[in-house]
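Top line first, the protein sequences correspond to chains V and A.
240 is the number that the numbering used here gives to position 256 of the first sequence; each next residue is one higher, with no gaps.
402 is the number that the numbering used here gives to position 399 of the second sequence; each next residue is one higher, with no gaps.
There's no promise every hint is true.
As the list claims (entries may be wrong) - Quick partial rundown of chain A residues pointing at chain V, CB under 8 Å, derived from the structure:
no.	residue
1	R273
2	S274
3	L317
4	N321
5	Y328
6	K338
7	Q345
8	T352
9	A362
10	F364
11	D386
12	M414
13	E415
14	K420
What the hints assert, rightly or not - Simulated DEER-style distance windows between Cβ atoms:
no.	chain 1	residue 1	chain 2	residue 2	range
15	V	Q301	A	Q214	29 to 37 Å
16	A	S274	V	S201	56 to 64 Å
17	V	P272	A	S274	23 to 31 Å
Unchecked claim - Stretch-level coverage of chain V by chain A, calculated; a stretch enters the list once three of its residues show a Cβ under 8 Å from a Cβ in chain A:
no.	stretch
18	126 to 136
19	260 to 266
Because the hints were derived from the structure by calculation, they are not lab data.
All residues carry an ideal CB built from backbone N, CA and C; glycine is no exception.
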Amino acid sequence: MEIIIEEIGRNKKLLARHKFLTNKVTLGRGYNNSVILSDPHICPEHLSIEFDGENWLVKDNNSINGSFLAESKQNADQHIIHSGDIIRLGKSFIRIILPNHPVESTVPFSFFEGLIDFLRKPLIIAFNIAFFTLIAGLMFYLNQPSDVNFTQVIVRAIGITLMFATWPVMIALISHFNKHEARIVTQLAVSFAFFNLMWFSDVFESIVAFNLSANWSLDNLIALVPIALAFLMIWLNCYIGFHMSKRKRTIIALSITTVLFGGGYMIQLSKQPDFSVLPNYDATIMNPVFKFAPSSSVDEFIEDTNRLFEKTAKEAQKNKE
Amino acid sequence: MKVVISLLLLLLSSFSHSAEQAEQIFNQLAPSLYQIRLIDKASGEKSSIGSGFQITADGLIATNYHVVSGFARYPHKYQLEYLDNQGNKAELTLESVDIINDLALVKRATTTKMPYFTIAQKPPIKGEEIYSLGNPHDLGMIVVPGTYNGLKIESFSDRIHFTGAVNPGMSGGPVVNAQAEVVGINVATSGNQIGFLVPHQKLVDLFTSYQQSPPQSIEKQMHEQLLANQQALISAILAEPWQQKPLGNAVIPDFNVPFIRCWGESNADRSDALVLLVVTSCALEEDTYIDNSFSTDVVEMEFRYMKSKKLNALKFYNIYQQQLYRVGPDNQAGKDDVTEFQCHHDLVTNSAKNTDSKAIFCTRAYKKFPQLYDVLYLSASVDKNDQALISHFTLAGVTQASAAAFTKQFMEAVSWK
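So that you can see chain V by itself, here it is in the shape it has in the complex:
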């Protein structure tokens, strides 16, 4: 009869898998066993599993530390095997699978597979990283109030790029330590593509803020764009780096996004004084090329300010009561 023995970790992760076509399988530390285990708490001839013509039976060979069913204290000796049973020997676990054990349905390649394949192309990766570096340098140059030379810009741009590269590298390392494929190039490809999208969302946000008046404020809505992008990126990072269910991946990506943005928001909130003397206004200005919206007249502007007086008067009244 066929039987499959899986060595698994404490977290049920598969470490090794053996398949036998026999009626007796022996497990132990000795080299004469069918499955040789190196756990020092396991006896040289610890356990055997035998087929009696109908069922597979577990037989413990008077081992010092015993054999138990999964995490329980129930002795595994003379236990009739059902496919998927887990047996604990010493500090190790094995799972016994019979050939007719059902398997999960095939996962079809998703849309993301195509996207990842596209982003992974060497030319695309090179372009994305180069583009990111270029924008980082440009931003540094634009925000510097004094003159800067080319070397300063290059050094800063490369520095920023390396700093951002730590994110995909870190994820690749984590998946490597979790016995998954590191796929560092894929992680880099996807992360930098999203970093670039975030530059664009920044510019887009500025253009919208500049062109819309306070009457048509979309600030809060627009602020969701980078959050959505970050979520998507982390989701893809998980998709590439770890095999996990869709639901679990979504939860993990959501949690990381929440911690990143929510944490930042909380820090900002905690720094905000109880009462601010300074006004909080939108001072976004852009050069005439980016101006699309028509201007209001002076009278319209003054008309619009009326609501501020009503609002603050109401607030003053409320405070008085």
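Following the hints, complete the assembly by docking chain A onto the known chain V.
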């Protein structure tokens, strides 16, 4: 030689004459002079001091509003007390205030008719010797001779320019002429030998209205005075048509009123600057003191012209935008006095359609004085690639109508040439 000696003698005699007169005036008036003390009830110690002088036989004493402001605003926290020249102390009641001219009337209890200061009928003449009385730094009552130099023209509320040392603690003390009649009240100093006094007429007005009908509540009286003053101030600024003056390639308003003064600065000397920056700022010289953490009646404006020397538009606008952060109000106010600012912003073009700007307007309301607001305006031109014009003003303690009228005139007065 004879002439010199006689001149010297004359000079000497006039000196001794003046000193004699000062002493005489002081001795004669001392019983009607007081130190006014604000006692913090919790600690039982004085938290601020000033001077005051009796103006009626039944115990009415005049002083500065700012000496008693703590009590006027927080009557539960403080107690008003006087100290007379005999060293007697007793409680005072607050009767009436003129917050704009920084005057207050307080009253002591008395059973007998007491000596008091008479108030002059007419103002002194320029150059006339006058004598300031008061208790500087809690050192005891002194007399400071000085000269009347007329009214300060760069001031919206009338102030006498007095050449003589007015020191902290002398606030609220009287200034008398040689006939011992009150011609002014000590109010402020501006460094060595330059003092400012409230003209006696303001005290006469306050006293007269007090006699006719004493105010029902000090807070209400202050509110009415603030409302009336902002009305007078803003209409005075808007009444005269504004002239135009150039600032770089732009034109900005030139105010036709003496009490708004302007100053200028630029970085034209800096050859390494990427952007030429020219700044003009104009402001009302004085504000109105409400208490030590709250002031109002501020009018302040600032204009910045920027021209890019060799930058592309992207970088120029990035540097330009950094000039627009952290603009704040110019008057002091705290959480108990005002709400937080609420702001509106929009792209705006003026009537001449030659200037496109991003305009920001913020306002906050006064909590204790309804209908009064602080207003902050900031505008940045967005229609030229290599030039920028920032115009900004703040108004403190104005009504919505005053704010709207001022804002409209201001916005139309700033444009490109």
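The hints, checked one at a time:
no.: 1; hint: R273; in the structure: violated (11 Å)
no.: 2; hint: S274; in the structure: violated (12 Å)
no.: 3; hint: L317; in the structure: holds (6 Å)
no.: 4; hint: N321; in the structure: holds (4 Å)
no.: 5; hint: Y328; in the structure: holds (6 Å)
no.: 6; hint: K338; in the structure: holds (4 Å)
no.: 7; hint: Q345; in the structure: holds (5 Å)
no.: 8; hint: T352; in the structure: holds (4 Å)
no.: 9; hint: A362; in the structure: holds (6 Å)
no.: 10; hint: F364; in the structure: holds (5 Å)
no.: 11; hint: D386; in the structure: holds (6 Å)
no.: 12; hint: M414; in the structure: holds (5 Å)
no.: 13; hint: E415; in the structure: holds (6 Å)
no.: 14; hint: K420; in the structure: violated (18 Å)
no.: 15; hint: V:Q301 to A:Q214: 29 to 37 Å; in the structure: holds (35 Å)
no.: 16; hint: A:S274 to V:S201: 56 to 64 Å; in the structure: violated (43 Å)
no.: 17; hint: V:P272 to A:S274: 23 to 31 Å; in the structure: holds (28 Å)
no.: 18; hint: 126 to 136; in the structure: holds (count 5)
no.: 19; hint: 260 to 266; in the structure: holds (count 7)
Violated hints, listed in ascending order, are 1, 2, 14, 16; each of the other numbered hints is respected by the structure.
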